[in-house]
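Chemist: Listed below are the residues making up each chain.
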Amino acid sequence: MGKPVIATASLAGCFGCHMSLLDIDERILKLVEIVEFNKSPIDDIKKFTKPVDVGLIEGGCCNSENVEVLRSFRKNCKVLVSVGECAIMGGLPALRNSIPLKECLDEAYLNGPSIEPGERIIPNDEELPIILDKVYPCHEVVKIDAFLPGCPPSADLIWEAVTALVEGRPANLSYDLIKFD
Amino acid sequence: MTEIRFTIDGRACTAKPGQTIVDAAKANGVYIPVLCNYEGLKPAGSCRICTVRVAGRYMAACTQPVTEGMAVENTAPDLEDMRRSLIEMLFVEGNHLCPSCEKSGNCELQGLAYRYRMLSPRFPYLWPVRTVDATVPLLMLDRNRCVQCLRCVRGVTARDGRKIFASVERGARVTIEVDKKLAARLSEEEARRAMDICPVGAILRKEKGFALPIGKRKFDHAPIGSDIEKGIGR
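Line by line, the protein sequences give chains G and E.
Counting in the working numbering, the final residue of the first sequence is number 181, and the numbers go up one at a time with none missing.
Counting in the working numbering, the final residue of the second sequence is number 234, and the numbers go up one at a time with none missing.
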C-alpha cells in the first residue's frame, strides 16, 4: 500500500495557513516520509492525478474559481478539512459581507484615491472568475469533515491533526491548540 | 444564618438564603457558564448560557435562587450541547472576526467557545449589517461584536447614576446606543471599566488595543471558569 496522499489549496486566504504548515520545523522531514503530496501549491502539482486521502483547504470562497476548486477537492478527497478562520468563517475577506458588492467594486476600481483618471473600469474580462455576492465559509459550499481554527492554526495543531488523520487515530487537540486568532 | 443544602450533579453543596444557583455554585467551586451575568450587576437572565435543569425544568441559574433540597443538573450532555448551540448562535448572529478583534484572548464569548470546543458553528452565518460608533472620545462602540447581553446598559453609569448605554428596538433588532454627552465625560478609569464590563469587543477603550501579548491573555492557557473550578474539593 502506498503512502497516504495529501492535497492542499489556498482559496480566498493569504497563504498564512500554508506558511503555518511549513512551520512544523524538522517534522517536515517526517512529513515527506509519511505522506505523499498531490495537487498543492507546495509541490506545484496543478491537477489531481490520483485519489487523495486528506484535502486541506485554506481560505473561504469569494469567487467562482474558489467554488470550482473547492468542489473538485470534495470530489477527489476522502476527508476534507477547513484550515484556518477564512475557510471556517470567511475571515478578513468576509469583512466585505456587510457591504453591497457594487459598493466594494466602485470603491476599489472607480472611486478609490489611487486610481488613475481614465482607468476607472471594473475588470470584466471573461477570463476572470466572477466575484461572489459574499465570501462564504467552505462548509456552506461543500460538506467539510473537520475544522482546524486559528489565524493561522498553529503548526502544532496542523501537525497533530494531519498525523492523526493519516494514522487513522483521533486527534489529541489540547486546550492550547484551539485558538481563533 | 440558616444554610440551604442542595446538590449540583449529585455533589452536596450549601448556599445562603436568597443566593442564586450561579453564585452558590461558584462558592462551592462549581463553574456554571455565564455571559450576560457580571459580578455586582443585577442578573438579567437574558443569554441563557447558564441554563440548568432542576426536576426536569430548565431555568436560568443566574436569576434562580437556590431552595432547600434542590437537585441541580449542570453538566448533563444534552445541557452542555444546548449551551454550545447558544454560543454557536451568538457567533453566527453577529460579525465575530476574532483575528482582527482587540478583545481576542480576553473575550468571554470566545472563551466559552474554547471551553465548549467550538471548531465551527452548526448554523449558517447571517452576516448582519451593523454599525460602528467611534464618536465618543475614549470609547469605540462596534455593534458587529455586540451580543445584546445588556451588561453595559446595567453597569456603566455616570457619577449621578444616569445610564450611559441604552438598548433601542427589541428582539433580533436590539441595538446599543450611547449617550454621547455623558460618555464624553467618562474618566480614563470609567472608560476602562466600561470596556471590562463588555464581555466581547463591542466596547473598546480607544488607543489601548492589543495591550497584552498573545500567551499572556486571560483565556490563552486556562479555560474560562477554571479559576472557579480550582476550588473543587475544598
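Don't take each hint at face value.
[What the hints assert, rightly or not] Okay, derived cross-link-like pairs now, SDA-like style, lysine to any residue, Cα gap no bigger than 20 Å in a straight line: (1) G/Lys134 to E/Glu93; (2) E/Lys208 to G/Lys102; (3) G/Lys143 to E/Phe123; (4) E/Lys181 to E/Lys216; (5) E/Lys26 to E/Ala71; (6) E/Lys216 to G/Leu177; (7) G/Lys134 to E/Gln64; (8) E/Lys216 to G/Asp181; (9) E/Lys218 to G/Tyr175; (10) G/Lys134 to E/Arg130; (11) G/Lys102 to E/Gly155; (12) G/Lys134 to E/Lys216; (13) G/Lys134 to E/Pro124; (14) E/Lys26 to E/Ala12; (15) G/Lys134 to E/Ser100; (16) E/Lys163 to E/Leu150; (17) E/Lys218 to G/Val67; (18) G/Lys47 to G/Glu65; (19) G/Lys143 to E/Lys216; (20) G/Lys102 to E/Thr131; (21) G/Lys3 to G/Glu65; (22) G/Lys143 to E/Gly155; (23) G/Lys46 to G/Asp25; (24) G/Lys134 to E/Val92; (25) G/Lys47 to G/Leu29; (26) G/Lys134 to E/Leu150; (27) E/Lys26 to E/Gln64; (28) G/Lys134 to E/Val129; (29) G/Lys134 to E/Leu126; (30) G/Lys102 to E/Pro124; (31) E/Lys230 to G/Ile45; (32) E/Lys26 to E/Glu88; (33) G/Lys143 to E/Glu88.
Please keep in mind that the hints were generated in silico from the structure rather than gathered at the bench.
Chemist: Determine for every hint whether it applies to the structure shown.
Modeler: Going through the hints against the structure:
1. The straight-line distance between the Cα atoms of G/Lys134 and E/Glu93 is roughly 16 Å, inside the 20 Å bound, and the hint therefore holds.
2. For the suggested pair E/Lys208 and G/Lys102, the alpha carbons sit about 34 Å apart, so the restraint of at most 20 Å is broken.
3. Simply put, G/Lys143 and E/Phe123 have alpha-carbon atoms about 14 Å apart, close enough for the 20 Å limit, and the pair holds.
4. For the given pair, E/Lys181 sits about 35 Å from E/Lys216 by alpha-carbon distance, which is inconsistent with the 20 Å threshold.
5. Pair hint E/Lys26 plus E/Ala71 holds up; C-alpha atoms about 16 Å apart against a cutoff of 20 Å.
6. The straight-line distance between the Cα atoms of E/Lys216 and G/Leu177 is roughly 15 Å, inside the 20 Å bound, and the hint therefore holds.
7. The hinted pair formed by G/Lys134 and E/Gln64 fails the criterion: a straight-line CA distance of about 43 Å is larger than 20 Å.
8. Of the pairs offered as hints, the one joining E/Lys216 and G/Asp181 holds, with about 14 Å between alpha carbons and a cut-off of 20 Å not exceeded.
9. At most 20 Å may separate the alpha-carbon atoms for a hinted pair to count; E/Lys218 and G/Tyr175 meet this at roughly 13 Å.
10. For a cut-off of 20 Å, the pair hint linking G/Lys134 to E/Arg130 stands: about 16 Å separates their Cα positions.
11. At roughly 41 Å between alpha-carbon atoms, G/Lys102 and E/Gly155 are farther apart than 20 Å, so this suggested pair is violated.
12. For the proposed pair G/Lys134 and E/Lys216, the alpha carbon gap of about 35 Å is over 20 Å, so the pair is violated.
13. Under the criterion of a C-alpha separation no larger than 20 Å, the hint pairing G/Lys134 with E/Pro124 is consistent with the structure, at around 13 Å.
14. Our distance criterion of 20 Å between C-alpha atoms is met by E/Lys26 and E/Ala12, whose separation comes to about 13 Å.
15. A hinted pair counts as satisfied when its Cα atoms are at most 20 Å apart, and G/Lys134 with E/Ser100 qualifies at roughly 19 Å.
16. For the proposed pair E/Lys163 and E/Leu150, the alpha carbon gap of about 12 Å is at most 20 Å, so the pair holds.
17. With a CA separation close to 38 Å, the supplied pair E/Lys218 and G/Val67 exceeds the 20 Å bound.
18. Taking the CA atoms of G/Lys47 and G/Glu65, the gap is about 14 Å. The hint holds against a cut of 20 Å.
19. Restraint check: the Cα-Cα separation between G/Lys143 and E/Lys216 comes to about 36 Å, which exceeds 20 Å; the hinted pair is violated.
20. Restraint check for G/Lys102 and E/Thr131: satisfied, since their Cα atoms lie roughly 19 Å apart, inside the 20 Å limit.
21. At roughly 30 Å between alpha-carbon atoms, G/Lys3 and G/Glu65 are farther apart than 20 Å, so this suggested pair is violated.
22. With a C-alpha separation of about 43 Å, the suggested pair G/Lys143 and E/Gly155 falls outside the 20 Å cut-off, and the hint is violated.
23. Simply put, G/Lys46 and G/Asp25 have alpha-carbon atoms about 26 Å apart, too far for the 20 Å limit, and the pair is violated.
24. Among the hinted pairs, G/Lys134 with E/Val92 is consistent with the structure: their alpha-carbon atoms are about 15 Å apart, no more than 20 Å.
25. The hinted pair formed by G/Lys47 and G/Leu29 fails the criterion: a straight-line CA distance of about 24 Å is larger than 20 Å.
26. Our distance criterion of 20 Å between C-alpha atoms is broken by G/Lys134 and E/Leu150, whose separation comes to about 30 Å.
27. Annotation: proposed proximity of E/Lys26 to E/Gln64 holds, straight-line Cα distance about 14 Å (limit 20 Å).
28. For the hint pairing G/Lys134 with E/Val129, the CA-to-CA distance comes to about 13 Å; that is within 20 Å, so the pair holds.
29. A distance of roughly 11 Å separates the Cα atoms of G/Lys134 and E/Leu126; the hinted pair therefore holds under the 20 Å criterion.
30. A hinted pair counts as satisfied when its Cα atoms are at most 20 Å apart, and G/Lys102 with E/Pro124 does not qualify at roughly 24 Å.
31. With a C-alpha separation of about 52 Å, the suggested pairing of E/Lys230 with G/Ile45 is violated against the 20 Å cut-off.
32. Taking the CA atoms of E/Lys26 and E/Glu88, the gap is about 25 Å. The hint is violated against a cut of 20 Å.
33. Proximity of G/Lys143 to E/Glu88 is assessed by CA-CA distance (about 18 Å); at most 20 Å being required, the pair is judged to hold.
In this structure, the hints that do not hold are numbers 2, 4, 7, 11, 12, 17, 19, 21, 22, 23, 25, 26, 30, 31, 32, in rising order.
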